[in-house]
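Peer 1: So the sequences go chain by chain: A and B.
Residues 74 to 239, numbered by our numbering, are exactly what the first sequence covers, in order.
Residues 31 to 94, numbered by our numbering, are exactly what the second sequence covers, in order.
Careful, some of the hints might be misleading.
What the hints assert, rightly or not - List time: in silico DSBU-like cross-link candidates among lysine-lysine, alpha-carbon distance up to 35 Å:
| no. | chain 1 | residue 1 | chain 2 | residue 2 |
| --- | --- | --- | --- | --- |
| 1 | B | 38 | B | 67 |
| 2 | A | 123 | A | 210 |
| 3 | B | 38 | A | 76 |
| 4 | B | 38 | B | 58 |
| 5 | A | 210 | B | 67 |
| 6 | A | 210 | B | 38 |
Said to hold, decoys possible - Some chain A residues judged to face chain B by a derived CB distance under 8 Å, without partners named:
| no. | residue |
| --- | --- |
| 7 | 112 |
| 8 | 157 |
| 9 | 158 |
| 10 | 159 |
| 11 | 161 |
| 12 | 164 |
| 13 | 165 |
| 14 | 171 |
| 15 | 174 |
If you're looking for bench data, these hints aren't it; they were derived computationally from the structure.
Don't be surprised by glycine CBs; every beta carbon is placed ideally from N, CA and C.
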Amino acid sequence: MSKIALSPNSSGTGTFTIASPNSNTNRTLTLPDEAGTVVTNASDIESQVKTATNATGSQPIYAARAWVNFNGTGTIAIRDSGNVSSLTDNGTADYTINFTTAMSNINYAWVGSLGYDSVAQEGWVSSPYNIAYSTWKTTTSLRTVGVYANGSANVDYIDYSIIVFG
Amino acid sequence: MDQRIIFKTAEGGVAVIIPTVSVELAMKDIPDGVQYKVVNVSEIPSDRTFRNAWTVETTGWETR
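Given only the sequences and the hints, what does the whole structure look like? Please build it.
Peer 2: Given below as structure tokens:
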């Protein structure tokens, strides 16, 4: 059986009290099986997050709220994603990303990238042609298209990614 | 994920929903009022040469 020891500090004079909240439920706090100290304020947590993400400086960190990477050729396949419940294939290089948990509003920022497999052309990700802003960008989904730089029609891409911040 | 949800778009084309986790979770992504069907991925053509020309007959399908 492991033990629990309380270690008073012989130099200090303050009294430390372990207090319970006003609750009728029995609860157990399990200590981690490692040495360390308890983090009690936001600045300590922020510092640890910055260390873990190799971020320096005082600038705040904003994480992506949703992301997806998929193969848009052949049988479309989602390689990996976060906060995306599904992808709607609307047509050639025309995709709607559906969020698992909706965004708070439509003020979120989004970026997209695409890539070919050994094709000597370029392309970019855009909003869909001739569709209302309020339709292609909502709190629950984001519709984008891959635009073929060297032609009037879209083509499918082997590597298509969308990232959402907000 | 071997299942897909297909529905007919307002323009007459075919949209295919590819779930990330499950069909059940992706059901919410079907537009309201459209008829849809859950199919196996093997039923979706892998040749996308004429993707925008795909059509589908929705007789007997469920309505969202």
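Peer 1: If any of the earlier hints don't hold here, list their numbers in rising order.
Peer 2: Of the numbered hints, 3, 7 and 15 do not hold.
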